[in-house]
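**Student:** Keeping their order, the protein sequence lines are chains A, B, C and D. Going by numbering that gives the first Met the number 0, the first residue of the first sequence is number 0, and it counts up by one from there. Going by numbering that gives the first Met the number 0, the first residue of the second sequence is number 0, and it counts up by one from there. Going by numbering that gives the first Met the number 0, the first residue of the third sequence is number 0, and it counts up by one from there. Going by numbering that gives the first Met the number 0, the first residue of the fourth sequence is number 0, and it counts up by one from there.
Keep in mind that the hints are not guaranteed to be accurate.
For identical chains, the list gives no copy identity; a pair is met inside one copy or between any two copies.
[To be verified] No farther apart than 30 Å at their CA atoms in a straight line, the calculated lysine-lysine pairs in the DSS-like style are these:
hint : residue 1 : residue 2
1    : Lys146    : Lys117
2    : Lys4      : Lys25
3    : Lys223    : Lys74
4    : Lys266    : Lys145
5    : Lys223    : Lys296
6    : Lys74     : Lys117
7    : Lys318    : Lys25
No lab work stands behind these hints, which were simulated from the structure alone. Predicted model only: the values in this text are computed from it and were never measured.
Letter by letter, the chains look like this.
Number of protein chains: 4
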Amino acid sequence: MSSKKPLNIGLVGYGFMGRTHTNGYKRVNDFFPELAYRPVLKAVCGRSAEGTQAFADQWGYESIETDWRKLIERKDIDAIDICTPNNSHAEIAIAAAKAGKMILCEKPLSMNTAEGHKMVEAVESAGVLNTVWYNYRRVPAVTLAKKLIDEGRLGKVFHYRANFLQDWTINADLPQGGTALWRLDAAAAGSGVTGDLLAHCIDTALWLNGSISDVSAMTETFVKERTHTLTGKVEKVSIDDACAFLCHFSNGSLGLFESTRYARGHKALYTLEINGENASIRWDLHDLHRLEYFDYKDEGQIRGWKSIHVTDGDHPYMKHWWVPGLQIGYEHTFVHQVADFLANVEHGKSTSPTFREALETQAVCDAVLASAKGRSWEDVKV
Amino acid sequence: MSSKKPLNIGLVGYGFMGRTHTNGYKRVNDFFPELAYRPVLKAVCGRSAEGTQAFADQWGYESIETDWRKLIERKDIDAIDICTPNNSHAEIAIAAAKAGKMILCEKPLSMNTAEGHKMVEAVESAGVLNTVWYNYRRVPAVTLAKKLIDEGRLGKVFHYRANFLQDWTINADLPQGGTALWRLDAAAAGSGVTGDLLAHCIDTALWLNGSISDVSAMTETFVKERTHTLTGKVEKVSIDDACAFLCHFSNGSLGLFESTRYARGHKALYTLEINGENASIRWDLHDLHRLEYFDYKDEGQIRGWKSIHVTDGDHPYMKHWWVPGLQIGYEHTFVHQVADFLANVEHGKSTSPTFREALETQAVCDAVLASAKGRSWEDVKV
Amino acid sequence: MSSKKPLNIGLVGYGFMGRTHTNGYKRVNDFFPELAYRPVLKAVCGRSAEGTQAFADQWGYESIETDWRKLIERKDIDAIDICTPNNSHAEIAIAAAKAGKMILCEKPLSMNTAEGHKMVEAVESAGVLNTVWYNYRRVPAVTLAKKLIDEGRLGKVFHYRANFLQDWTINADLPQGGTALWRLDAAAAGSGVTGDLLAHCIDTALWLNGSISDVSAMTETFVKERTHTLTGKVEKVSIDDACAFLCHFSNGSLGLFESTRYARGHKALYTLEINGENASIRWDLHDLHRLEYFDYKDEGQIRGWKSIHVTDGDHPYMKHWWVPGLQIGYEHTFVHQVADFLANVEHGKSTSPTFREALETQAVCDAVLASAKGRSWEDVKV
Amino acid sequence: MSSKKPLNIGLVGYGFMGRTHTNGYKRVNDFFPELAYRPVLKAVCGRSAEGTQAFADQWGYESIETDWRKLIERKDIDAIDICTPNNSHAEIAIAAAKAGKMILCEKPLSMNTAEGHKMVEAVESAGVLNTVWYNYRRVPAVTLAKKLIDEGRLGKVFHYRANFLQDWTINADLPQGGTALWRLDAAAAGSGVTGDLLAHCIDTALWLNGSISDVSAMTETFVKERTHTLTGKVEKVSIDDACAFLCHFSNGSLGLFESTRYARGHKALYTLEINGENASIRWDLHDLHRLEYFDYKDEGQIRGWKSIHVTDGDHPYMKHWWVPGLQIGYEHTFVHQVADFLANVEHGKSTSPTFREALETQAVCDAVLASAKGRSWEDVKV
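Assemble the whole structure, with the sequences as input and the hints as a guide.
**Tutor:** Below, the structure written as C-alpha cells:
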C-alpha cells in the first residue's frame, strides 16, 4: 500500500457519523484498490479529551485534538471531515476553507440557506475540494436509478414521492438536547425532521428529478415539552416532529414529501418513487439492495413490477464487493463516497453533492419551513 | 327462497357499476342465507332501449325503461339504484326520494357539497332508506382495520396517508367524454381524480380516523386537450388528472392524500396507512385480501409488520365465503354492501355511508378543489 | 336468457365442493354471455332429505333426491356432478356413464389407479363428456403460466417444485371421519394429503411440465390416533398427514413435491415454481392473482423477478370480469371450468382434465404411496 | 489498540474466501472493541508468488509464502486459515494441528467423512482450537432463529425445508476446473452443489433442528461435458449440478432439501423454513436482514407472518453495528465468526461449528451422495 499517496484526514466530531465516515476511510483501499490515494487517520477532534482518545484508540487515529481550530491549523492535515451538530458546520467549514483544507461536511450543509451561501462562497473562493455526505445517493440501487433515468428510460416524469418514516421519538419521556439527543434541540439542529430526514429525500430528488420550484408544507410538534438534558428542566420542544409538503418540480412533475419520527413500525424507512410516461422506479431503505422497476414497454401480458436484486457486477459499485446475490448494507454508502472523493482528488474535482449542490437542498428546506409557518405556497430561492 | 320478502330493484344506468351492483343483488342470498329480504331485478333503465334490453337479457332484469322518471313512478319498484354519471345523481335521487323509494347511490354522492345538501335534505325529509356505494369500506381487510381501530389498539393517531394510483390516461390519444369516458369530462364528472378516486380515500379516512379540518391541495392536468367523443373536436380538458393534499384531522393527526391517473405501473393501487402511538395499519387494493399490522406491544426482538391473510371465519364477512386461505375479490365488496343494506331494511335503518355521511366526503373534495385553485389552506365546511 | 339451451345439472353431494360448483353454474352466464348453454339446477342429491332440501332452498335447486341411483335414472338430468367423498366416485361415475350422462367429477378421480381405469373405460365406452374438477388450472395466473410455457419461453426445463401447506389438523383433539372430517378417514378418502393436496400439485405439474417417470417418497402420520366421529372411539389414523417426494420428469427435469397439514402458519399455501434455461415462473395460492416471472433475456442491469398482477383484459379469463387492478378470487376457478365445459359441450368435446388425463395423476399418487411404503424408487405406471 | 494481544494469522489461499476472511480480521476490532485479541495479518500463502504478493499488498499482509508447509513451520503464526479448494483441507489441517496451530477451515470440512474423521482426530489429539466457516449461522436473523428455537417457542417440530438455488452454471460454454472454476471439478471439490451449497443448508439444519437419521436423494448433472481449464480438452463433468433429498430428523420431523446451480432467476437464494406446533420460522439469503416469524399464540384475527427487520440493538450481533433500520450484509457474517473465535480464544474454547460438529454435515453429505448413487434410503453414519 506504500505506493499510494496519503491523504491525511482530520475528523471533527466522533458520534454516529464519525463512525460511519471512519469506517469508510478504513475500508476503501481494500475494495477499491485502483485508487491512487489512501486516507490516513491523522487526527480526531472532540471537546472531551477522554472520549476523543477512546475513539482514537478504537478506530486507530494517530492523534487527537480538543479544539477544532487547532486541528485546522495543523499542517499535516489535508482534509477536514465535519461530523458535528449542524450549528457548527458553517464556522468550521469556513475556517477550514480559509486554511486551504479539503472539506467533507456531514449533511445538512448548514442551519439555513443564508449560512449555506457563506459556506459555498468560502470553499469556492478558496478553491478547496468539497463534498457533503448525502450518502444515500451511493446506495447501488439508488445510483442505478439515476443511471436508468439518465438513459432516458422514464420519458416525461409526472410524479415524484418520497418519505422518511421513523418512530423513535414517540415516547414522551425521551429528553431533548445534549450529545446524544441534539437532533431534538432546535438550537443545535436548526430544525427537526426537515433537516435530518427530509433533507435526504430532497437531495436525492433534486439529483434524480431536477429543481423544485415551489412548496406548500405543514409541520407538527406532537410532544410539546421534553426535559432538556443540559438544563435538566422541562422545556418547550422547538423542532418539527413531522413535516410534509407538496411541490412542483421545474420539469412539470408533482412532488409529495413526508418525514416523521412518529410513524410507529418504521425504523428508518426512506422510500422514493418516480412515475414517468414509460417507466417507474421505486426504492426503500429497509431493503436497500433492491430496486423496483416497471417498464411499460414490456409485452402486455407479462408486464409487472420487477424486483432487481442489485448485487451483480454490472450494477453500480458492486464489482468491488462480492458475487451476485450477496448483499451489502448501509455502511457501504460511505465507502463509496470516500472512493469517489479520492478518485476525484486525482483530477482536482469536488465530489457531488458539492457544497453548491447541497445548498439547493437547504433552499428547499427553508421554503418548506417558511411555508409551514405562513400556511402559504413559497417559492424556492437558492 | 320463496319465504323471503322481495325487495324490487330499479337500476338506473348499466355501465361498469351497473354490473357490480347487479352481481351483488344476484349473489347475496346464496351467501347470506339468513337475510329476510331477497332483491328482485325488477327493471333496468338506460337511454338506449337496445343497450338496456341487452343488459336486461344478460343479467336477468324483468323489464326495462328508457326514462328514469318513469322508473321512479312505477309502483312495483322499492329501491332505486343510481349508477349514472355524477351530474345526474342529484336530480334522480331527489325525485326518487319524493316518490318514497329507497335509494342506493353510486359514489361520489354529488357534483359538489351544495347539491349534496339538497340530496340529504330530500332523503331525510322523505324518510327513505339510503346508502352510497363507497364499496371499499367492505373489503374484509378494511372492515377489520376499522374493528381494530374501534377496539382502541392504535392509541393516539399521528399520521394517516392514502393514495390511489392509476395509469390508464397517460396516452394523450385517449378521447374524453361520451358513455365510456365521461370520467374525463368535467361537465359529467364534476372533477377528475378528486371525485373519482380521492373520494374513496377520503370516505375511508373519515370512517377510520374522523373529520378533516383543513386542507392544502394541488391539482394538475397533464394532458391539456383531448378529442371529445361527442363533438369530435379537440377540446380543453377540464378535469384534474392528479390531485394531492395535506390536511389536519380533528383528532390532531396529519393527513397526506394523493391520486392520479399518471402513475405508470399502477392499475388501481389504493393504499392506506395509519400510524398510532401503539400500532399501525396498512392496506392496499392490489392485494386486498391482506392487512398489514404492526403492534408495538409485541416483544421487542420479534416485533415486525404482520401480514394478515384475511380469509378466516373470524374475519369480517368471511364466514360467508370459503375456508381459510381462499381469497375473495373486488366484486364481493358490493355483495357485502347489499347484505348490510338488506339487513338494515329489516330494522328500518339506512346503511352506512348514508347520504349524510357521504356529504362530508363531498365537503372535503370541495375544500380540496378550492384550495388547489386558490393556492391556499381551506377549511372543510360541511 | 331464454335463447340459451338448458343443460340440466344433477348434483350429488352438497358439502363444500357442492357450494363451489353450484356457484359456478349460477354465475357463468352473467360473465360468459357468449355461451350457447345455460346450466339449470335441476336436482341435488344427498343422504339426508332435510339437509339436501335446505341446500336446495338456499341455492335454488328445483328438486332433491336422496338416492343417487334415482338421480341418474331421471330423464331430465343431462349431467351428473359428483361431489361425494372419494370412495363413492367410481360407483356413481360408472353408473352415470352407463346412463349416458355427462359427468363432472370432483378430484381426485378415484381411490386408486385401478378404480380410475374402470372409470375411464366407462366414460370412454359410453362416449359421455367428462371432466375432473382440478380447478387450480383455471386460476388466470396459472393458465397464463401454461400459455407462457407453451409459447416456448422457458427453454429446457431443469426444475419443478411444488408444495401444498396447511395447518388445520395439528390439534390432536380434532376427530376423524363423518360428514365434515371424512378427509381424515382413509376408508372414505383413500389417502390423506396425497389425494387431497398433492393431487392438485401433480395435476398442474403434469399439465405444465409433462409426465413423471419415477418417484421416491416419504409419508408421515404425526397424530397416530383420533376419535372417530362415527364410532365415538379413539381409532388409529390411517391417512398420511404429510407426504413429500422426489421425481424425474420425462423431459429430464427434476421434481420436488411436498404437502402437509402440519405447516404452522400456512392456511392453503399451494406454491409452484418452474426453472427453465431462459425463464422461470412462480405462483402461489395465497396471492393467486399474481404470477412471478423471471426472464433471463431481459437486459442484465434491470433483470429481476417480475410480479404480474394478472387482472388485465389480455390475461386468461380476465376480460370477463372487471378492469385492470381489480382481483378475482378462489371461486372464479370453478366458474371458468363451467364456462369451458359448456363451450366444449357445443363441440361435443370433453373438458381438460378429462377422466383419462386425471388418471395419470392417480398413477403418480399410487407410485408415491407405494414408494413411501417400500422406501424405494417406484416407476409411474398409468 | 496496542493493549490488545496479537493473534497472528496465516492465510492459505487468497480467492473469494480469502477476501471474506481477511475482511473479517480487519474489521473485527473496530466493531467489537471489547475483545482482548486483535488479529494480525502476518502472512498469506499461495502458489503464485506474484498473485500472492498482490493480494498481500492490497489487503495488508506483512509477508507471503508460496508453500503452505513453510507457513505452518513459522513460529510467528498462531492460527492457520484454510481457504484452499476442498481437496487440500485435510492435509493442511492435519499438518497445522501437528504444528500446534489454531485452525480456521473453510467449509466443507473435507472431501468426505473418512477424511473428516482424521481431521477431527488431529485437532482433538493436538488440542488446538478450531472452527469451520459455516458463516450463515452468524447472519443475525439466523442466529435469532436459533435463539427463538432454543427458547422453546416452536414446540414439537414437524417440518424443516431448505434450498440453495443458483443459476450461474446454466451456460454450457462455461469451462470447468482451474483456479476460478475448481468448484465444477470433482477432483478438487469432491462433489458439486452437495458440498458447496447443500453443506450450508445441512449445517444450519443440524444446528437448528438436530440430527438427521436417514436420507433419500437424487442428483443430476445437466451439462455432461465441459472444457477443462487445465487440460483445454472437453471432459466429462463429474460433479452434481443439482441435488435434492428427503430425510428424517431424530426429533421426528421431516426434512426436504434441494440445491442447484440451474434455477434460473436465483443468484444465491438460500432459504430455510421450520414448522413447529406453535410457531414457524422462515429466512432467505436474498433478504438476509429479515426473519419471518409466525406465532400461533397470537390472537386469531390478527395472526399472520411477521417480517422482523433484524437491525435492532437487541438482535444478535446488531448492537455492534448501526442503528435500527440500517441493514448489514453478507460480509458481516465473517466478522461475527472472527469475533466469536477471538472471544473463545480468551477462554481456550473452540468455536462452533468445530471440526467435530462440521463432521456431521460431512456424514449427511456422504449419505446423500450414496443414496443418489444407489437409489436407496441411506442411514447417516458419523
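**Student:** When no copy is named, should lysine 146 and lysine 117 be tagged within, between, both, or neither for a Cα gap of at most 30 Å?
**Tutor:** The answer is neither: 32 Å in one copy and 54 Å across copies each exceed 30 Å.
**Student:** How would you label the pair lysine 4, lysine 25 (within, between, both, or neither) given a Cα cut-off of 30 Å?
**Tutor:** both (15 Å within a copy, 21 Å between copies)
**Student:** When Cα atoms must be at most 30 Å apart, do lysine 223 and lysine 296 count as within-copy, between-copy, both, or neither?
**Tutor:** between (51 Å within a copy, 24 Å between copies)
**Student:** Tell me, please, which holds for lysine 266 and lysine 145 at an alpha-carbon limit of 30 Å: within, between, both or neither?
**Tutor:** both (25 Å within a copy, 24 Å between copies)
**Student:** I want to check one pair: lysine 223 and lysine 74. Are their C-alpha atoms no more than 30 Å apart within a copy, between two copies, both, or neither?
**Tutor:** neither (47 Å within a copy, 62 Å between copies)
**Student:** Classify it for me, lysine 74 with lysine 117: is the Cα-Cα distance of at most 30 Å met within a copy, between copies, both or neither?
**Tutor:** within (24 Å within a copy, 60 Å between copies)
**Student:** Between lysine 318 and lysine 25, at a C-alpha cutoff of 30 Å, which is it: within one copy, between copies, both, or neither?
**Tutor:** For lysine 318 and lysine 25, both the intra-copy (19 Å) and inter-copy (20 Å) Cα distances are at most 30 Å.
Comparing the model with each earlier hint shows violations of hints 1, 3; every other hint is respected.
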